[in-house]
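In order, the protein sequences belong to chains Z and W. Going by my numbering, the residue at position 103 of the first sequence is 103; the numbering climbs one at a time, nothing skipped. Going by my numbering, the residue at position 215 of the second sequence is 215; the numbering climbs one at a time, nothing skipped.
There may be inaccurate statements among the hints.
[Claimed, not checked] Computed footprint of chain W on chain Z, listed as stretches where at least three residues anywhere in the stretch have a Cβ under 8 Å from a Cβ of chain W:
| no. | region |
| --- | --- |
| 1 | 13-25 |
| 2 | 59-70 |
[Stated by the list, open to error] Below are the SDA-like pairs computed for lysine to any residue, each with C-alpha atoms no more than 20 Å apart in a straight line:
| no. | chain 1 | residue 1 | chain 2 | residue 2 |
| --- | --- | --- | --- | --- |
| 3 | W | K61 | Z | Q51 |
| 4 | Z | K160 | W | K61 |
| 5 | W | K61 | Z | R162 |
[What the hints assert, rightly or not] Just so you have them, the derived chain W footprint on chain Z, three or more residues with Cβ under 8 Å:
| no. | region |
| --- | --- |
| 6 | 36-49 |
| 7 | 115-123 |
| 8 | 155-161 |
Everything labelled a hint here was simulated from the structure, so no lab data went into it. Here the structure is a predicted model, which means the values were calculated and not measured. Note that CB positions come from ideal geometry on N, CA and C, so glycine has one too.
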Amino acid sequence: MGTRTDGELVRAVLAGDTEQYAELVRRYRDRYARFAARMLGSADEAEDAVQDAFIRAFEQLGQCRDPDNFAGWFFLILRNRCLAERRRAVRAGPGVDAVSVPATQRADGPLEQDERRRALQQALLELTPEQREVFVLKHVEDLSYEEIAGRLGASVPSLKMRMHRAYDRLRERLKDVL
Amino acid sequence: MTTVFHPLVKRFLDGELRLADLPPELHAEARAAERLLGAVDRAAVTLPAALEARVMAEVRKHATASADGAARSWWHRLAEPREIRVRYRLWTLGPALAAAAALVLLLTPARPAVEAGTLVAATAPESAFVRFVLFAPGAHQVGVAGTFNHWDASAAPLARTGAAGVWTATVALPVGQHQYAFVVDGRRWVNDPAAPTVDDGFGRRNSVMAVGAGARAL
Numbered sequence: 001m002g003t004r005t006d007g008e009l010v011r012a013v014l015a016g017d018t019e020q021y022a023e024l025v026r027r028y029r030d031r032y033a034r035f036a037a038r039m040l041g042s043a044d045e046a047e048d049a050v051q052d053a054f055i056r057a058f059e060q061l062g063q064c065r066d067p068d069n070f071a072g073w074f075f076l077i078l079r080n081r082c083l084a085e086r087r088r089a090v091r092a093g094p095g096v097d098a099v100s101v102p103a104t105q106r107a108d109g110p111l112e113q114d115e116r117r118r119a120l121q122q123a124l125l126e127l128t129p130e131q132r133e134v135f136v137l138k139h140v141e142d143l144s145y146e147e148i149a150g151r152l153g154a155s156v157p158s159l160k161m162r163m164h165r166a167y168d169r170l171r172e173r174l175k176d177v178l
Numbered sequence: 001m002t003t004v005f006h007p008l009v010k011r012f013l014d015g016e017l018r019l020a021d022l023p024p025e026l027h028a029e030a031r032a033a034e035r036l037l038g039a040v041d042r043a044a045v046t047l048p049a050a051l052e053a054r055v056m057a058e059v060r061k062h063a064t065a066s067a068d069g070a071a072r073s074w075w076h077r078l079a080e081p082r083e084i085r086v087r088y089r090l091w092t093l094g095p096a097l098a099a100a101a102a103l104v105l106l107l108t109p110a111r112p113a114v115e116a117g118t119l120v121a122a123t124a125p126e127s128a129f130v131r132f133v134l135f136a137p138g139a140h141q142v143g144v145a146g147t148f149n150h151w152d153a154s155a156a157p158l159a160r161t162g163a164a165g166v167w168t169a170t171v172a173l174p175v176g177q178h179q180y181a182f183v184v185d186g187r188r189w190v191n192d193p194a195a196p197t198v199d200d201g202f203g204r205r206n207s208v209m210a211v212g213a214g215a216r217a218l
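Could you put the whole structure together from the sequences, leaning on the hints where they help?
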């Protein structure tokens, strides 16, 4: 028997075969983990966000208009979760962001490069969530502006405006290491 | 010293220009931009396999609670007499058609809600027939999709009526709250401008209606 499509799995879960949901979790557990980790600044927070997003997706599976596009729908749930989390963190004040994304575990480059990587990750957390989101999708996930626009339902010019403001803020923040 | 990137360097960062496309006086700035992108961490992040077990534990809990809730609610529906009221609405393609839609409503009298509701209440107290009406003169195909049919746009097609541009369908809906939208020509999702909408949590809005005892829009 061939691999079941996302749409078939979603429809099976909706029909009462709850255990099929595990296959969707396995399929997408890591796919968006990097996005969440860069958005939130920590692999641990990414894990919480991905877990919450899967539970929320299950609770609202009946609202998934296009079961064959479960991945895109799930991404939006995770993305909203990340944006809400970052706004909450900003309100909580500074000092809550320990940059523990894999940057701290790497030894694959010169020290200067490593420091710059950490500085950039910290600076990303100081952008607005919307600016950071565009930066991460374009420069970490390697999506084009058109692809990002399709995913988020935003226009390309508005995404570019967000991104260009992000460039300026990053340059200001990183002027000592660039 | 300025700390913002020149607009041409921003286009360089966007991948629209190459270093050779930039005037020489911007090369130093472009190299700083390159160092910025060189610091981007693209390493994959792998989450622990235990996450799957935690998610599924919550999913099973939720599924069990839903089944218990449905059983309780079924018993209450059997045990308690209730009045079923059905809302009739006219959907339009946009505010510009609102006046025309109102006219269609006047020219196309819907059955009194009590008549349909009474009929249904006598036979199936847990559900009610709802008549969907859409004024869509340019449409070739119209369906209604919602939480009641897993958002399947082909599950409940509307049919043209005698009045020009008016599409209708009568659908049996369970008592309760339903989110929905019309799907015009298989691709255009249209909400009811006269109905309340709710955030679907993913950046869009759905129309919402309630069917049940003392039903009213949320």
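Hint by hint, which ones does the structure fall short of?
The structure conflicts with hints 4, 5 and 8, although it agrees with all the remaining ones.
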